[in-house]
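*Asks:* We have chain A already, so just place chain B on it with the hints.
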Amino acid sequence: MNARLRRNGFAWLLLLPSLLFLLLFTFYPIALTLRLSLFQADLSTPEPVFTGLGNYRTMFQDEVFRKVMGNNVLFALGTVPLGIALALLMAVFANKALLGRGFMRSAFFYPTLIPMIAAANIWLFIYTPEYGFMSRLLSWFGMNDINWLGTPGLVMWAMILMIIWKEAGFFMIFYLAGLQNISKELYEAAHVDGVGRFTVFRKITFPLLMPTTLFVSIVALTNAYKLVDHLMIMTRGGPNNASNLLLYYIYETAFSYWDQGMASALTVVMIAVLLLIAAVQFFGLDRRIHYN
Amino acid sequence: MIIKFTSRLGNLLMLALAAFWLIPLLWMTVTAFRPRHAALSGLFSLDFTLNNFATVWSAAPFATYYLNTILIVVCVFAVQMLTASMAAFAFARVTFAGSSIVFLLFLVQIMIPADVLIFPNYNVLKQLSLLDTKLGIMLPFLASAFGIFLLRQVFKTIPAELEEAALIEGCSQWQVLWKIYFPLARPTYVAFALVSISYQWNNFLWPLIITNSVENRPLTVGLSIFAQSFEIGVQWTEVSAATLLVITPLLLIFLVFQRQFIESFMHSGIK
Numbered sequence: 001m002n003a004r005l006r007r008n009g010f011a012w013l014l015l016l017p018s019l020l021f022l023l024l025f026t027f028y029p030i031a032l033t034l035r036l037s038l039f040q041a042d043l044s045t046p047e048p049v050f051t052g053l054g055n056y057r058t059m060f061q062d063e064v065f066r067k068v069m070g071n072n073v074l075f076a077l078g079t080v081p082l083g084i085a086l087a088l089l090m091a092v093f094a095n096k097a098l099l100g101r102g103f104m105r106s107a108f109f110y111p112t113l114i115p116m117i118a119a120a121n122i123w124l125f126i127y128t129p130e131y132g133f134m135s136r137l138l139s140w141f142g143m144n145d146i147n148w149l150g151t152p153g154l155v156m157w158a159m160i161l162m163i164i165w166k167e168a169g170f171f172m173i174f175y176l177a178g179l180q181n182i183s184k185e186l187y188e189a190a191h192v193d194g195v196g197r198f199t200v201f202r203k204i205t206f207p208l209l210m211p212t213t214l215f216v217s218i219v220a221l222t223n224a225y226k227l228v229d230h231l232m233i234m235t236r237g238g239p240n241n242a243s244n245l246l247l248y249y250i251y252e253t254a255f256s257y258w259d260q261g262m263a264s265a266l267t268v269v270m271i272a273v274l275l276l277i278a279a280v281q282f283f284g285l286d287r288r289i290h291y292n
Numbered sequence: 001m002i003i004k005f006t007s008r009l010g011n012l013l014m015l016a017l018a019a020f021w022l023i024p025l026l027w028m029t030v031t032a033f034r035p036r037h038a039a040l041s042g043l044f045s046l047d048f049t050l051n052n053f054a055t056v057w058s059a060a061p062f063a064t065y066y067l068n069t070i071l072i073v074v075c076v077f078a079v080q081m082l083t084a085s086m087a088a089f090a091f092a093r094v095t096f097a098g099s100s101i102v103f104l105l106f107l108v109q110i111m112i113p114a115d116v117l118i119f120p121n122y123n124v125l126k127q128l129s130l131l132d133t134k135l136g137i138m139l140p141f142l143a144s145a146f147g148i149f150l151l152r153q154v155f156k157t158i159p160a161e162l163e164e165a166a167l168i169e170g171c172s173q174w175q176v177l178w179k180i181y182f183p184l185a186r187p188t189y190v191a192f193a194l195v196s197i198s199y200q201w202n203n204f205l206w207p208l209i210i211t212n213s214v215e216n217r218p219l220t221v222g223l224s225i226f227a228q229s230f231e232i233g234v235q236w237t238e239v240s241a242a243t244l245l246v247i248t249p250l251l252l253i254f255l256v257f258q259r260q261f262i263e264s265f266m267h268s269g270i271k
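Residue numbers (the UniProt record's numbering), protein chains in the order written: chain A, 1 to 292; chain B, 1 to 271.
Worth flagging that the hints you see were computed from the coordinates, not collected in a lab. It is possible that some hints are incorrect.
[Stated by the list, open to error] Cut-off 27 Å, straight-line C-alpha distance, at most; resulting in silico cross-link-like pairs (DSS-like, lysine-lysine): (1) A:184 to A:96; (2) A:226 to B:126; (3) B:156 to A:184; (4) A:226 to B:134.
[Said to hold, decoys possible] Here are some, though not all, of the chain B residues that point toward chain A, as calculated from beta-carbon distances under 8 Å: (5) 10; (6) 25; (7) 102; (8) 109; (9) 117; (10) 198.
All values derive from a computational prediction rather than experimental measurement. Beta carbons are placed, not taken as given, at the ideal position from N, Cα and C, and that holds for glycine.
Pulled out of the complex, with its shape left as it was, chain A reads as follows (with noise of 0.2 Å):
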């Protein structure tokens, strides 16, 4: 008994630490929010009004709200399974390949490293009209200079095509990490029987990486909505909130309107986006996936 009592209490001796800081800045903040969420607190009330689903009211008639969640959509369908494919394209090639395979993993992978924010000023160059190296390449096959970012219709292609070139690397070392879990017997017996690399692929290497392609699924779908420090340098949510998301929406409600009740509800939206992805996972598809 009193092995036991001490084993308890040495474990949570152990766990004090991360708790505290866990409790203060995970679960603490959400009570916050939820409680926020339910009063107009903005620059017009020095005291906050309890106003109860006023503020969710209010989000879901405002025409920038539907705009940023429908943006946030389009970001993720445009970023998530192009990025996932790219990246397994660029596993299997990083895995084996004949020449070069730590030139293609560092070339591939050096974008995850470096700040978002340096990330947004280089290709903020890129995209810049008249100066920029897109700019260049179009006028050097004799075609019109392009407002990449000035463009409503645009900024969103030309976001997504810069996320993809941040995030794919960070992607594929987990698929790395998947190639080397498939036992080498399996290909040997392939070999053996002489089927093509193709059907080599589809059957074994695919199927049996699938719980990899959940997981970076998972960490994808977050990211589209977690990643917005590209916007503060090239767009600020432009042109006309052509390419404002979720999160910026949020910071700019809090730190530039200084609508607190609106942020927290903004917020709790945010957080209920990120646990639904979180359910999909553990009970949807989790379950039909087999683990090797």
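*Replies:* Structure of chain B alone, referenced to chain A:
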């Protein structure tokens, strides 16, 4: 024959893609070393200069920014290493009441990272009167659920016999953690360090929100303020030089530890 040809072609295409991936970095590096008129003219010339770096270094307090970032990165990782090792050891090797519930609590931190809680965390920091301090920048990151999961996975693979032997020798459990588990998990600490360091080095939105004085600003915030203080398209050479200053240390660390980093990730059981 045909198969060999297609695989070689695939290889070449991927090499081309890798080269394409390098264009932004090369473009920026070249621009950083060019005089302004040469960078904007678009014609090839052999004009190169170091002036941009000198201008950048004197135009903004980058030395302070550098020191701040290094201080933040080192302190956060040191504390994370301590807190995460302790928690991971509890989860991996001690059976205790409530372990699965607490584990679930940490899972929430992975699902809802501090990045999205910017506004509520700002309020918490305000309540603690820690706005515009370096401690405030670090505080939300001192416990890392990612680190806990990573280390727990590795601790589980270390044979329990080692621990038993040490206990018989008279070691306490605390000593077992630091004398056996800690050194044996070294490769994983390298992977964890690189993830943590690059995350803190690159963190932007949070320090932007809570700092408003030069003494507390990290590099990322400094860089963004520097970049936005110019008319767009006019001072690209300086902005490129500043950007290069910010990313070079990380790229160097990565190049040095690249093998170890990628391999420890491969073997650490993250799938």
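*Asks:* Decide if the proposed pair is consistent with the structure: residue 226 of chain A and residue 126 of chain B, CA atoms, cutoff 27 Å inclusive.
*Replies:* Holds, because 23 Å separates the two Cα atoms, which is no more than 27 Å.
*Asks:* Quick one, are residue 156 of chain B and residue 184 of chain A close enough, alpha carbons at most 27 Å?
*Replies:* Status holds; Cα separation ~25 Å.
*Asks:* Does the CB of residue 25 of chain B sit less than 8 Å away from some CB of chain A?
*Replies:* holds, 7 Å
*Asks:* Does the nearest C-beta of chain A fall within a distance shorter than 8 Å of the C-beta of residue 117 of chain B?
*Replies:* Residue 117 of chain B check passes; min Cβ-Cβ to chain A is 5 Å, inside 8 Å.
*Asks:* Given a cut of 8 Å on the nearest C-beta pair, is the interface hint for residue 10 of chain B held or broken against chain A?
*Replies:* holds, 7 Å
*Asks:* Taken at face value, is the distance from the CA of residue 134 of chain B to the CA of residue 226 of chain A at most 27 Å?
*Replies:* holds, 23 Å
*Asks:* Taking 27 Å as the top limit, are the C-alpha atoms of residue 184 of chain A and residue 96 of chain A close enough?
*Replies:* Within the cut-off at roughly 13 Å; holds.
*Asks:* Is the hint on residue 109 of chain B kept, meaning its closest Cβ partner in chain A is under 8 Å away?
*Replies:* Constraint on residue 109 of chain B satisfied, holds at 5 Å.
*Asks:* Under the criterion of a CB-CB separation shorter than 8 Å, is residue 102 of chain B in contact with chain A as hinted?
*Replies:* holds, 6 Å
*Asks:* Would you settle whether the hint for residue 198 of chain B is holds or violated, based on the nearest Cβ-Cβ distance to chain A being less than 8 Å?
*Replies:* Constraint on residue 198 of chain B satisfied, holds at 5 Å.
Checked against the numbered hints above, the structure breaks none of them.
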